[in-house]
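Sequence lines, in order, name chains A and B. Start counting the first sequence at 1; every next residue gets the next number (my numbering). Start counting the second sequence at 1001; every next residue gets the next number (my numbering).
Quick caveat, the hints were computed from the structure, so don't treat them as lab data. It cannot be assumed that every hint is accurate.
[As the list claims (entries may be wrong)] Selected chain A positions facing chain B (Cβ under 7 Å, derived; list incomplete):
no., residue
1, A30
2, W142
3, N144
4, A145
5, H146
6, Y233
7, A234
8, V235
9, I240
10, N281
11, P284
12, V285
Glycine included, C-beta positions come from ideal geometry on N, C-alpha and C.
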Amino acid sequence: MLKRILTARETILAAAILALLVLIAVRFPAFVAPSNLIAVFNDTSPLMLLALGQMIVILTKCIDLSVAANLALTGMCVAMLNIMMPGLPVAVIIVIAVALGTLMGMINGLLVWKLDIPPIVVTLGTMTIFRGIIFLISNGKWVNAHEMSPAFKAFPRAELLGLPMMSWVAILVILAFFVLMTRTSLGRAVYAVGGNPHAAVYTGIDVGRTKFTAYTISGALAGLTGYLWVSRYAVAYVDIAGGFELDTVAAAVIGGVSIAGGVGSVFGAVLGALFLGVIKNALPVVNISPFWQLAISGSAIIVAVAFNAQANRTKGRVILKQAEAAA
Amino acid sequence: MRVINKVLGTVALAATMAAGFGATAASADETRIALVVKALGIGFFEAAAKGAEEAAAELGDTEIIYTGPTDTTAEGQIEVINSLIAQGVDAIAISANDYDALVPSLKKAMQRGITVISWDSGVAPEGRQMHLNPSSNELIGNMCVKLAADHLPDGGQVAILSASATATNQNIWIEEMKKVLPEYEGIELVATVYGDDLADKSYREAQGLMATYPDLDAIIAPTSVGIVAAAQAVADAGKAGEVNVTGLGLPSEMAGAIESGASQSFAIWNPIDLGYSATMIAHALASGEATAEPGATLPMGRMGEVTLDDEGNGAMADPFVYDAGNIDEFKSIF
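Pulled out of the complex, with its shape left as it was, chain B reads as follows (with noise of 0.2 Å):
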């Protein structure tokens, strides 16, 4: 793939590829749905083209084109754009590597009939029909309490490590969390505190927390670093079971978490449901099944349906469960 890539300079090139990538890639009734990635090689999107692939299945008569430069460059992407207008695909689903540097291209391949959306990392309004946000500040911050309160039936303590007190998303998702919270009894938020993402520092503030409350139940941290800082610190305490962290995190840096039982459970968008719903997406836009305006709530088999808002974003699911029982199978993915 890497190499076919590079030497995608020419339509007549282009074309042959087409051909090759299916013997029945130039029948007219199949749909061919072209998924761009960041960049080729990285497990987060390998693992995305799978959940392409399971859309495409279910779907039938459609053919997954999974493409991508060799690097994360907006460059990149802009060639690998103009060779799939050239193939004269149906649709385009991509992670961009820039916010407005696509937008002309994806506007030509608009101009020429096909469907253009973004999903995971967005483009600028103009240069797409919909934007696929793997989910949303408001399922973000449930999801965080409801992680924490699963595992405990009888309520308790939690306290919330953030990154750095200025950090938006990090208060966005604070707000929403404070917003839940009555609605789960018996949970008690007792401090916020602030490991600014430094390992060292959210470590010790991790430790503050167990100090000043012996009887914390959890910690949420909805950052990749304090999560991992914080998980650490328990275990080195000897509290874990005793104290979950959780939150946030990735399943490659939150495998140890897991195994030492400093955190039962955490969460993150799933690459693979990411992947299908944009294909599913990408498809009814595609066949005309629906229709891209503000407001319009489109199919994602199932993953059930998105409620796009004025700028035509749309909101995915809740973020995904990490534990014990999956996190061998995603750790090596990303």
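Next comes chain A alone, as it looks inside the complex (with noise of 0.2 Å):
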């Protein structure tokens, strides 16, 4: 038991983060006051939400490459209604981003569940046309801070017990992702479907609704994560987020999840997500060159995907080869 809580994806990249935050502290100090903790937890939030909704897309054996511009186009469109009706109240508008956002995201779902098309095609086909949608809206201009209302900029700022809205948002959906993957059938169906499709069926779980099911819930995470983006940056135009949907891909597989499905934990995307954005924070004030960067990057992707292929080696043993080929 205690074997297995020690070599748990979770406690080691919980160990890699906390050592991570002592080789940077012994550089930069102030790095790890609280108030600079709560400051990278917040600016990660975003990535952690969307890394939820990557996560359950990929448990599928889907992947979901539009998740970023979801994020543009919704963020984009409560941008400009926010000009528009400068008195919507705040609530409206996160209800209307996260509206918005599942829309986008039942497109991809439909079209994998009902077409058949492969997932990383039609999310690379949706990702080109959001973005197209975006510039079509805006006719390529920007949404700037001065347009938009302080009610609408105020949210995401506004502390509650000493942490942003933005950081509480992001905690409140890790719990509710925590109880749907681990406490509901939906959660259980989607590692099942990632898992073995096959054995699935035969359980009586639909597939494809399933998938359907997972690229709604990445969508309306991409819709809210649209309007927290674009509050908190008091900017909004074509290209915001770019290649975000990457980082997002990234955290996910660091933290364990596998890119083949059916394998990975809500905490461990969390977790993955954290790590990246520990390392995003932390280069700017470390001193690292910025081509240094991209490359540092680049290797905890690759370590964390060698990890998760030793891990996979070891999953289980298949014990009737002839059976599972011929079905």
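Each chain sits in its own coordinate frame; assemble them with the hints.
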């Protein structure tokens, strides 16, 4: 039991993050001050939210490359809505953001489910389409800080018990996800679909529908993050969060989510996101050349995947090879 | 204007329109200068047209024809140029949608004795007599440091937040900044960081700068994404007024930062001055007061003079400084 806890991905990752923090503290002690750690957590919140969405999709053997574009499109929509109706309460804006994101996630889900197109192709396509739509609705123009209403910008910054709202949103979603993945039939179905689709069918799980649900959830999170992102950085334009989809995949993979599906945990994905977040926030203060920054982020991903491959090797034994081949 | 431009197919129509532009259009001693822009309806160019009208009023006997296609295409501009040739204007000052594609029609214009210059966005040297750049790398580099230094009479620490480490124009500007740095006493450049023109990365880099250098006085960001993100990071850290974010940005994007106090001032070219100068130069060339040749000095009225390099490029002036005093006027323009 103890050995299992010690060798669990989450423990190793948490230890790696701690080691990383110690290493950074040696060069820059102020980094580990509580206020800065809170800032790092807050800064990583969008990545954690999207990494959870990415995780549930990857668990079903799919991938969602459109999350960042979904975030950007939702962000642009709510920002423009805010200009048109500055009086709209933030709660309504959040509901609209989540609804828009959900809709886009459902489009991905439907294409994967009903048309059976490979997920990577579907989301690569919708990624480009979403970015294109942002350009069409905004004419390539920016929505700037002075055009947004104060309330619109204030929400992610508002503090409750010393923690900004953006962090609280992330914490709530993490807890909800934990319950969803471990205590509901949907959560278990997601693992089943990714772990062994054929067996899942025999147990009465609709594989396509489960994938559709996973995409919908990922879309909803991307939509929510879209509002948070745009209001936090107080700017919306076509390219916001460009390339962020790969960060979400990286966070999930570093967190031990198997790209082949079926393996991974909520806290693993969260820690994976935090690991990347610590690196992203630490590199500017430890004074490392920007070219090295890219190499370091890349190496972390490869090390993590190597770990995953190791872990998968000892996952279990196939005792009836012929039977599996026959199926 | 838009509709008129669309039906501008035939010479007959064009001639009618030329007459329609002003009662004195037919008089021989009036200089008619066409200000051709990338597309109509863009705030930046409307402002340039305002500057051109100002120059025309100053010169007298000058008529400005402000025109351009309805969308930013080279084809649209070629149609406009052809109709201007048919109208027999005296000069064309163009901000081009394509470096090469406009050359044949502009050559044709020059063969008919029309003065052709490009401004803002240039065309290849064989397609124009001179090109007016809004500024030069030296002037931009100097202005960036000056903006920071002006608010630091006793000296202080500044850091540069650039786009990507491989962006050519950024690196040239940073080089120029480093060159002029010794001229500003007490200004110490502590770091150069790269935000890759991503809002989130630039924001983090700005946060990192403030954490690493607690005494930091100014962040210079010669990139429009970086300057906005840095200003937001400074405002969020409650350091507005303490750390001054400056550099190159657009008034519409920076209005919030000026308002919050995170940025005291920043710079970018002034479209009004640009339109004014282009008109002044076009008038001087068309009337034969000056000739465009390498090394020549051309008059630009209140903007002084411009000296041309070997390829006929000239730089107008220092980037124009925007601050709390004029931001409201410009934020709706561009």
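Hints, one by one, checked against the model:
1. A30: 6 Å, holds
2. W142: OK, holds: W142 (chain A) within 7 Å of chain B, min 6 Å.
3. N144: Holds, about 5 Å.
4. A145: Holds, about 3 Å.
5. H146: 4 Å, holds
6. Y233: 5 Å, holds
7. A234: Because about 5 Å separates A234 (chain A) from the closest Cβ in chain B, which is inside the 7 Å limit, the hint holds.
8. V235: 6 Å, holds
9. I240: Nearest chain B Cβ about 6 Å off; hint holds.
10. N281: For N281 (chain A), the interface hint holds, since the closest Cβ of chain B sits about 6 Å away, which is under 7 Å.
11. P284: Where the cut-off is 7 Å and the nearest Cβ of chain B is about 3 Å from P284 (chain A), the hint holds.
12. V285: Nearest chain B Cβ about 5 Å off; hint holds.
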